[in-house]
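Novice: Listed below, chain by chain, are the residues.
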Amino acid sequence: MNFFTFDLRKIFLVIALVIVPLIAINMQRKSEEEMWFTKPFTFAGALLQRGFSGLSSGVRGTTALYLDLIGVKRQNDELKAQLAELNAQLGAMTELKLENERMAKILGFQQASKMNLLAARVIARDLLPDHSTITVDRGLKHGIQKHMAALTIGGVVGYTFRVENDTSQILLLADRYAVIDAIVQRSRARGLAEGDGAAGSKLRDLKRSDDVKVGDLVVTSGLSNIFPKGFPIGTVTAIDKTRYGVTQEVGVRPAVDALNLEELFIVLNANHEDLSPGGED
Amino acid sequence: MKIPWYWLLGLGLMIFTTVLLCALQTSLWFSIFGHFPPPMFWLVILVYISVTRPLWEATLVVYLLSAACAPFTAFPVEAWLVYCLLLMLLLNVIRERAFWGGPTYFMLMVGVASLSAPILFWATSRLFDKNPVFLPAVFAWLISACLTTVFSLPLYRLYHWYDIIAAQDAGAEGRVGPR
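Sequence order for the protein chains is A and B. Add 901 to the 1-based position in the first sequence for the working numbering, that's all there is to it. Add 134 to the 1-based position in the second sequence for the working numbering, that's all there is to it.
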């Protein structure tokens, strides 16, 4: 074959492999200048790169988030457990604080009083809803006997009516069986405070002519040295004078809500303490 | 004379359970639920023996029950006895007229007893007390009645199991009923 025979394929081949690269190398082009024909590819490339990068970071982020969530969940569980524990501790601390305050008051009362008092804790209540008794954790072996007074700082609670070795049952003032000798503090009118079966009590056997007003304080008479004299029983809430009777019946709201008590005192010996105004104490 | 040990064992278990439940009712219940009225656990055994035992045996158990429950309340033991006997007789009268046995019947009878209890208590108090109940604690009794009926089912199973281990076939149901 003659060398000068034109073969277009060979010409293109020579141009593409030798001439164009030589021309391109020898062109005085600034390296930072972008060729017009590369611009679309640059744009497309950049777009795709951003897409892939976004996808990648998204996946990585989601994965990391998921992994973090697992960690967060674990951490959350731990924190919840810690919170529950702290709440329990806080509850216990609050309970202790309240108990401490109660005890401090009780101790103060016990020390200030000349009565011989025994602190006791309430452990049970009556079997029947129509009776108001409580059981405390002190009994015969702690010196308690039948018919000893039970009281708190606020007033009279009741008296012991059944005593065992380690426990005692207390008939609350509101019980129908409970009767305590009482006087109206202002007028010194004398009667018997008797439970009415509900949460209250009544003052009976008062003479019709006795001076009693709603709001008067009813206190213990101190008879028989069971209760201290002048200790609050309750407040007069109602007065019932029958038309022809010789007595009047007076409703009394007890000074102490005995059903909510947790601790109380048993009076081992009242030592004739007189707490009425103008009394010896 | 042969001593009925199994019978005594069953009786002992029932009384022991009653004392246990009375302690739970008066102590643990109020520690947890405060003033919310408790179920009358003592009533469940009274109903159980009233509907599953012959009259003489039920009467004997009522005496034991009264003695077992009296320490938990200010209500005097003799008043308790009369109160429980009245309840037992009432249940006995009902049983004589309608008896089909089983837990449903038992729960129904507990419901009847729970609702009759405050009325009989009121009557007994009127009879015995110097300062009788004027108006029973209706709300507390009603709540107690509902709870007692609910708790009666597991207790029925328990007492029934006592009957079985004491070799007294549930029977109790079989050998009682209208005679």
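The set of hints was computed from the structure by calculation and includes no laboratory data. Glycine included, C-beta positions come from ideal geometry on N, C-alpha and C. Keep in mind that a hint or two might mislead.
Which residues of chain B face chain A? A few of them, derived with a C-beta cut under 7 Å, are [stated by the list, open to error]: (1) Phe150; (2) Thr152; (3) Val153; (4) Phe167; (5) Phe170; (6) Thr193; (7) Thr207; (8) Ala208; (9) Pro270; (10) Ala271; (11) Ala274; (12) Tyr296.
Novice: Each hint: holds or not?
Specialist: Hints versus structure:
1. Annotation: interface hint on B:Phe150 violated; nearest CB of chain A at approximately 17 Å, more than 7 Å.
2. Residue-level restraint check for B:Thr152 is violated (minimum Cβ-Cβ distance to chain A is 11 Å; threshold 7 Å).
3. With 7 Å as the threshold, the beta carbon of B:Val153 stays out of range of chain A, its nearest partner Cβ sitting at about 11 Å, so the hint is violated.
4. Given hint, B:Phe167 at the interface with chain A, is violated; its Cβ is 11 Å from that chain's nearest Cβ, farther than 7 Å.
5. Because the closest C-beta pair between B:Phe170 and chain A is about 11 Å apart, greater than 7 Å, the hint is violated.
6. Violation of the interface hint for B:Thr193 is found here, the shortest Cβ-Cβ separation to chain A being roughly 21 Å, above the 7 Å cut-off.
7. With its C-beta approaching chain A no nearer than about 4 Å, B:Thr207 sits inside the 7 Å limit, and its interface hint holds.
8. A cut of 7 Å between beta carbons decides the hint on B:Ala208: the least distance to chain A is about 4 Å, and the hint holds.
9. Against a cut-off of 7 Å between C-beta atoms, the interface hint on B:Pro270 holds, since the closest Cβ of chain A lies about 6 Å away.
10. Interface restraint check: B:Ala271 against chain A, minimum CB-CB distance 4 Å, threshold 7 Å, status holds.
11. Taking 7 Å as the C-beta contact cut-off toward chain A, the hint placing B:Ala274 at the interface holds, the least distance being around 4 Å.
12. With a least beta-carbon distance of about 22 Å to chain A, the hint placing B:Tyr296 at the interface is violated under the 7 Å criterion.
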